[in-house]
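Line by line, the protein sequences give chains A and B. Positions 3 to 164 (our numbering) are the ones given, in order, by the first sequence. Positions 2 to 289 (our numbering) are the ones given, in order, by the second sequence.
Keep in mind the hints are simulated off the structure, nothing from the lab. Cβ atoms here follow ideal geometry from the backbone N, Cα and C, with glycine treated the same way. Some hints could be false.
Beyond 10 Å from chain B on every Cβ pair, some chain A residues (computed) [claimed, not checked]:
id, residue
1, I11
2, L20
3, R75
4, G81
5, P90
6, L117
7, D123
8, Y143
9, L151
A short, non-exhaustive set of chain B residues, derived as facing chain A with CB atoms under 10 Å [to be verified]:
id, residue
10, L35
11, R39
12, S40
13, Q102
14, T187
15, E188
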Amino acid sequence: MSKQRTAAIVNGDPVEFLSDPGQTLLDVLRDELHLTGSKEGCGSGDCGACSVIMDGRLVCSCLVLAAEVEGCRVQTIEGLSTGSTLHPLQQKFLDHAALQCGFCTPGILMASKALLDANPDPTESEARYWLAGNLCRCTGYDKIIKAVLDTAAELRQDRKSA
Amino acid sequence: MAQLSYLSPSSVDDAVKALSGASARALSGGTDLLVQVRSGRAKPDHIVDLKRIPGLIGIRAENGGFIIGSATCGAMLSEHATLSKIWPGIVEAANLIGSTQIQGRASLAGNLCNASPAADSVPALITARTTCVIAGPAGTREAAVESIVTGPGKTSLAAGEFVVAFKLPPRGPKASDAYLRMIPRTEMDIAVAGAAVSLALDADGVCTSAFVALGAVAPTALLVADAGQALIGSRLEASALTRMEEAVRAACQPISDKRGTADYRTKIAAVLAHRAAVIAWNRAKEQA
Chain A
3 MSKQRTAAIV NGDPVEFLSD PGQTLLDVLR DELHLTGSKE GCGSGDCGAC
53 SVIMDGRLVC SCLVLAAEVE GCRVQTIEGL STGSTLHPLQ QKFLDHAALQ
103 CGFCTPGILM ASKALLDANP DPTESEARYW LAGNLCRCTG YDKIIKAVLD
153 TAAELRQDRK SA
Chain B
2 MAQLSYLSPS SVDDAVKALS GASARALSGG TDLLVQVRSG RAKPDHIVDL
52 KRIPGLIGIR AENGGFIIGS ATCGAMLSEH ATLSKIWPGI VEAANLIGST
102 QIQGRASLAG NLCNASPAAD SVPALITART TCVIAGPAGT REAAVESIVT
152 GPGKTSLAAG EFVVAFKLPP RGPKASDAYL RMIPRTEMDI AVAGAAVSLA
202 LDADGVCTSA FVALGAVAPT ALLVADAGQA LIGSRLEASA LTRMEEAVRA
252 ACQPISDKRG TADYRTKIAA VLAHRAAVIA WNRAKEQA
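Bound-form chain A, shown alone:
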């Protein structure tokens, strides 16, 4: 079994890694690149804890083989803040207490970012359907949805005044 060399852009930085053919993007992010923010919940694409943005699309990194990301741009939770300044979504999640144990939070933040990138003014219903693939067993979702909609409103306001 020979390892394959793959080159990609992760959070803006060019990276190269070796992987076994059966290794997933999630395995490589966590074990090779030591980006352990993306979590493994189910490993079958049901829970969304491993969500990352790949070439602009939200995906479960447990359902992408590492070798599939050759030449792709991958954004993970580690690239969401700017230095020590939190992304508005991260700040709103804190303000609204939209997390408890935090295991689902990196995936939900990346899914929420993908939502607001695609739709700056989602309805509550749109936000709930968009996030239906991200399971949270603590919050009951309500605070998460409020945090996402509040962030969207703030970003729209920022854009207007900019």
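Given chain A's structure and the hints, the job is docking chain B onto it.
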């Protein structure tokens, strides 16, 4: 997975060669295959990623119809305004599959060739009279989409064959389609039953052609010719819809399982077909 290898051919010919091997599986979105490999249900020696082949991802208009690359993901279908306008039933069916994350990966060919009786996109592809373009060791052939799945987890594709593209036929005016499925919640579930209807109307709203297909009520998705026939010549009057529902129920041969009993599936398939027909008819009237 000691001997597993990953190949990403950049041409159809190379992919055919790679897939002709002893135990090779085609990879498009991976949302079924990688789960099966991980659980040990599938034990391929080679995973052949088709997405680097030019044309496998994308939608283009051709000869009045559309060619959809077999690895095109669900999100790309709904982002395509013209396809969504002309084939709303196909797009809504494909978009029911899984979450946002799954929509960013899962493909029509994967949904078809995974060969689940409950695959949401398949009834809608059937009522659209979709043709599959299939590449293989003997060259390229075309086959009706309903001829691909032969039973749960089984297809008519020979070793080395894979679906390259789906061809949607030209669509006249006053024509549309719809797909509905029953699940006991609003999202993220597998169909208890599904029904797709595609209609073409004349200027007076009379059906000139009608196709009805069902999912999750038999080992494969079913094209129910009698059900379509019952709608032709009608404006979906109650008597025509009743005849269509009878034909649907007669065609159903479901199993009873944790998702629903055979009786329930049979009953609900007719209800879904009725409602889908009404939606398709209303959409068709709006089409220029």
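Going through the hints against the structure:
1. I11: Answer for I11 of chain A: holds, closest chain B Cβ roughly 18 Å.
2. L20: 13 Å, holds
3. R75: 14 Å, holds
4. G81: 18 Å, holds
5. P90: About 20 Å separates P90 of chain A from the closest Cβ of chain B, which puts it past 10 Å; holds.
6. L117: The claim is violated: L117 of chain A sits with its nearest Cβ about 8 Å from chain B, within 10 Å.
7. D123: The assertion about D123 of chain A holds, with a minimum of 17 Å to chain B.
8. Y143: Per Cβ check, Y143 of chain A is outside 10 Å of chain B; nearest 12 Å; holds.
9. L151: 17 Å, holds
10. L35: 5 Å, holds
11. R39: Since the shortest Cβ distance to chain A is 6 Å, the answer is holds.
12. S40: Hint holds; S40 of chain B Cβ to chain A Cβ min 8 Å, cut 10 Å.
13. Q102: 5 Å, holds
14. T187: 8 Å, holds
15. E188: Holds - the Cβ of E188 of chain B comes within 10 Å of chain A, reaching about 4 Å at its closest.
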